[in-house]
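Our numbering numbers the first residue of the sequence shown as 96 and each following residue consecutively.
No lab work stands behind these hints, which were simulated from the structure alone. All values derive from a computational prediction rather than experimental measurement. Each hint should be verified, as a subset may be incorrect.
Under the rule of at most 25 Å between Cα atoms (straight-line distance), these lysine-lysine pairs were calculated in the BS3-like manner [to be verified]: (1) K129 / K296; (2) K111 / K129; (3) K122 / K109.
Label-pair ranges, simulated between beta-carbon atoms [claimed, not checked]: (4) S288 / H263: 20 to 26 Å; (5) L224 / D124: 20 to 26 Å; (6) L301 / S240: 52 to 58 Å; (7) L237 / L200: 38 to 44 Å; (8) W115 / T234: 30 to 36 Å; (9) C255 / Q225: 23 to 29 Å; (10) L202 / F230: 44 to 50 Å; (11) R223 / G112: 27 to 33 Å; (12) R223 / R126: 45 to 51 Å; (13) K299 / P118: 15 to 21 Å; (14) S240 / S160: 46 to 52 Å; (15) P252 / N281: 34 to 40 Å.
Note that CB positions come from ideal geometry on N, CA and C, so glycine has one too.
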Amino acid sequence: MVLCEIGNTHYHFKQKGRIWKFPANKKPDIRLEKDEAIYAISVNDAALKRLSSHYPVVDLEPFVSLDTEYHGLGIDRAVACLAVRDGVIVDAGSAITVDVMQNGLHLGGFIYPGLSKFQQLYAQISPRLQKALNFAVDTTKLPQSTVEAISYGVVTPLICSIYVVARHKEIILTGGDGGYLARFFNGAIVDQSLIFKGMEKIIKEL
């Protein structure tokens, strides 16, 4: 069984326990066994169409059912939530999404720009603000340099927002910057296979 989560910029594959990614604007090179299909979810219609034109693909979106009152919840967020009964899911990619689950019910969530987007924004304001974020910034002290000031301004509001909605719940981080953000949360879990776990749960119920 091959799983594929298609994002804005990459295909993310899981096959025989191996996880890797491939640019979403190119034809991915996948070897399938006879009669094997790719089970996929996608937020990128063009990339899904490209994949389907070369391989047998089962789109899982029609089979996704999440108990929520949220309108317009992205398929990737919904599937990640299905993998967590109780907790706060932080998916830190090109956008950072935060969703709260309680007893299998999706209570809601919010969206924050991705960390790389903030770097681009500061660079647009002034070339002097084109600085790499310092993920080791001490959020308990006022910054004493421009790099620290930018990093503090980006990270602190996000961290505080997550703490507000977490209320002692377990925090699970995924996505490219999930590992970086984990250092700000004691006991947080980093799980880069979270969406795949949600997909596997859906497939078992087909």
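Those earlier numbered hints the structure runs against, lowest number first: 5, 10, 11, 13, 15
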